[in-house]
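Take the sequences, apply the hints, and build the full model.
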Amino acid sequence: MIFKFRRERVIFRAFFIGVLISATCMSSAAFAVIKVVTTTTDLKSFVEYVGGDKVQAISMVLPGAEAEDYAPKPQDLDRLKTANLVVRVGLDYDLWLDRILRQTGRPELVKGGAAYVDASNAIVLLEVKGGGIGGGGHAHGAGNPHYWLDPNNAAVITGNIVEALARIDVPNAKYYEKQRIDFLASLDRKTLEWQEKLEPLRGKPLLTYHNNWPYLARRFRLNFAGTVESRPGVSPSAAELSRLLTKMGSEKIHVIVKRPQEPNREVNFLVKKLGAQIAVLSTSVGDDGAKSYIQMMDNNIKNLLAAFNKNSK
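Taken in order, the sequence shown gives residues -32 to -1, 1 to 281; the numbers are from mature numbering (1 follows the signal peptide of the UniProt record, and there is no 0).
Calculated directly from the structure, the hints in this document are not laboratory data. Careful: at least some of the hints might be erroneous.
Calculated pairs, EDC-like style, for lysine to aspartate or glutamate (alpha carbon to alpha carbon, straight line, at most 16 Å) [claimed, not checked]:
(1) K22 to E145
(2) K215 to E230
(3) K226 to D255
(4) K146 to D21
(5) K41 to D66
Using C-beta positions, here's what the derived DEER-type ranges look like [claimed, not checked]:
(6) D66 to K97: 19 to 25 Å
(7) S154 to L242: 54 to 60 Å
(8) R199 to K142: 47 to 53 Å
(9) F(-2) to N120: 30 to 36 Å
(10) A206 to G32: 25 to 31 Å
Each residue gets a CB set at the ideal place from its N, CA and C atoms; glycine is no exception.
In structure tokens form, the structure reads like this:
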């Protein structure tokens, strides 16, 4: 009996030591590089800004694809099984992630886990309705999910990411925070530049295909006066297009904003009828060939200004 008790105690101590070693490795420089899987290319860019050469980030959703309608692929599950960190947009935007995270069998990757980041945490959300997902599949009762399009929200997003990186890679915590500070300083300078350039557009009405832009509008005081879609994910009927023509004429709307992957037919119809201009803006890094968040925003501002300048000639 004594021998059996001692043997069980030795086994328990060995197990306990193994757990401690595992936990220590998780919070130390145990990896040559931290593997981060993000749901979108925007979050991938933020991870790369703050992680520098200590991270390897990959986005599940590729440029040009619709993140809200994404269907995870087998390689996504394989990547998540070996990931050190997962970063998501949250809200109703990437609900498909929950199921595949459960399939990994890794509790640290699900909500509340040490390797899980919801980038929307602590973001001041717009258009919170509490109504859930509508019939078109794109209604956002939890709030409009395109919060990264306000550059000032980058401070919160990168704060969430750095907190998680520092949690799993303690020795490099100061490095990540330094990277974040440097990135935010560069972004602040660019934001001031963008504000100055967009000042002449303040209050001028625009039409947009889908309601992607409330955060951009709030930051730069832009006036998005309506959407081409009748409902999220639903193309307008002939009667609705007629009402849009009337609205554009009466409110002097001369610019329509759309993303590269959004339908052209209805927009081209409105443009042809009224001689309006199209401004192609991107909500995700890479949609227009941009390699980073700042480059994407820079392109958006240039394209918006170009559309207004063409209209004024």
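Structure versus earlier hints - violations, ascending order: Per hint list: 2, 7 violated.
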